[in-house]
Amino acid sequence: AQKITQTQPGMFVQEKEAVTLDCTYDTSDQSYGLFWYKQPSSGEMIFLIYQGSYDEQNATEGRYSLNFQKARKSANLVISASQLGDSAMYFCAMRVEDTGRRALTFGSGTRLQVQP
Amino acid sequence: DAEITQSPRHKITETGRQVTLACHQTWNHNNMFWYRQDLGHGLRLIHYSYGVQDTNKGEVSDGYSVSRSNTEDLPLTLESAASSQTSVYFCASSVRGEVNRNEQFFGPGTRLTVL
Numbered sequence: 001a002q003k004i005t006q007t008q009p010g011m012f013v014q015e016k017e018a019v020t021l022d023c024t025y026d027t028s029d030q031s032y033g034l035f036w037y038k039q040p041s042s043g044e045m046i047f048l049i050y051q052g053s054y055d056e057q058n059a060t061e062g063r064y065s066l067n068f069q070k071a072r073k074s075a076n077l078v079i080s081a082s083q084l085g086d087s088a089m090y091f092c093a094m095r096v097e098d099t100g101r102r103a104l105t106f107g108s109g110t111r112l113q114v115q116p
Numbered sequence: 001d002a003e004i005t006q007s008p009r010h011k012i013t014e015t016g017r018q019v020t021l022a023c024h025q026t027w028n029h030n031n032m033f034w035y036r037q038d039l040g041h042g043l044r045l046i047h048y049s050y051g052v053q054d055t056n057k058g059e060v061s062d063g064y065s066v067s068r069s070n071t072e073d074l075p076l077t078l079e080s081a082a083s084s085q086t087s088v089y090f091c092a093s094s095v096r097g098e099v100n101r102n103e104q105f106f107g108p109g110t111r112l113t114v115l
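From first to last, the protein sequence lines are chains A and B.
Heads up: the first sequence begins at 1 in my numbering, then just goes up one per residue.
Heads up: the second sequence begins at 1 in my numbering, then just goes up one per residue.
By construction, these hints were calculated from the structure, which means they are not laboratory data.
Don't take each hint at face value.
What the hints assert, rightly or not - One-sided excerpt, in silico: chain A residues whose CB lies under 8 Å from chain B: (1) Met45; (2) Tyr50; (3) Phe91; (4) Arg102; (5) Ala103; (6) Phe106; (7) Gly107; (8) Ser108.
Claimed, not checked - Here are a few chain B residues that sit away from chain A, every Cβ distance over 10 Å (derived from the structure): (9) Asp1; (10) Ala2; (11) Thr13; (12) Ala22; (13) Gln53; (14) Asp62; (15) Tyr64; (16) Val114.
The beta carbon of each residue, even a glycine, is placed where N, CA and C say it ideally should be.
Can you make the complete structure from the sequences, with help from the hints?
The following block contains the structure:
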């Protein structure tokens, strides 16, 4: 079975600073994908970034980057130059490709608050 | 624009009643999923479907059922609502096939309260 662990229930960051949200995962499968989603207070789930287990380079999407350390089984999200609008819940999720199952396993989330 | 919708957005019901939550997507996605979100648990998978007439159980499927009679809809039914099923329910969809990223698109959620 797969497991995602997010050990930071809440984080604070000053506006314009960078912040790292931690995510570790556990799987015995070789082929998998890692995702980060943002959930603002309005409740919708917004896809941010994806990293495949065989991707050699860390994924980047604008101000978001994924610090992928395969040996440590970690997939931390880095947000550069934080903005007030980044205040939200952030979920790390994994999809195991080997099984053919396309559902996601989610972590419990980290609430990020950006302070002016 | 293609989208995924859920109805109702809010529902209050009583213990023991049958409740159906609707999910409709216009992307023509084959894969559809139902998750529930509770504090401290993130999102947990209830049921999923890879196409018409296909349904599968997720990790927390007890007390829930789904049916897939067309590509666009995957209604979630609570057979006999219990207070433990008070939660926020999200429907999601994704394309079929071995596309690497293949992210799931989520509906806006339904907040269900069982009294």
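Test the statement that Asp1/B is away from the interface with chain A: the closest C-beta pair must be farther apart than 10 Å.
holds (15 Å)
When the nearest CB of chain B is found for Arg102/A, is that gap smaller than 8 Å?
holds (5 Å)
Interface hint outcome for Gly107/A [beta carbon to chain B under 8 Å]:
Check passed: Cβ of Gly107/A comes within 5 Å of chain B, closer than 8 Å.
Just checking, Ala22/B versus chain A, shortest CB gap more than 10 Å?
holds (17 Å)
Quick one: work out the minimum CB distance from Val114/B to chain A and report holds if it exceeds 10 Å, violated otherwise.
For Val114/B, whose nearest Cβ neighbour in chain A is about 19 Å away, the distance exceeds 10 Å, so it holds.
Over 10 Å from every CB of chain A: does Thr13/B meet that, or does the non-interface label fail?
The claim holds: Thr13/B sits with its nearest Cβ about 20 Å from chain A, beyond 10 Å.
A closest beta-carbon separation below 8 Å is what the hint needs, so does Phe91/A meet it against chain B?
At 6 Å from the nearest chain B Cβ, Phe91/A passes the 8 Å test, so the hint holds.
Answer holds if the nearest beta-carbon of chain B is closer than 8 Å to that of Ser108/A; otherwise answer violated.
Where the cut-off is 8 Å and the nearest Cβ of chain B is about 5 Å from Ser108/A, the hint holds.
Restraint check, 8 Å cut-off on beta carbons, for Phe106/A near chain B
With a closest approach of 4 Å, the Phe106/A hint holds.
Is the Cβ of Ala2/B more than 10 Å away from each Cβ in chain A?
Nearest chain A Cβ is 15 Å from Ala2/B, so the label holds.
Beyond 10 Å on every Cβ pair: is that true for Gln53/B relative to chain A?
holds (17 Å)
Holds or violated: the hint that Met45/A contacts chain B, with Cβ atoms closer than 8 Å.
Result: holds, 4 Å to nearest chain B Cβ.
Checked against the numbered hints given earlier, the structure satisfies every one of them.
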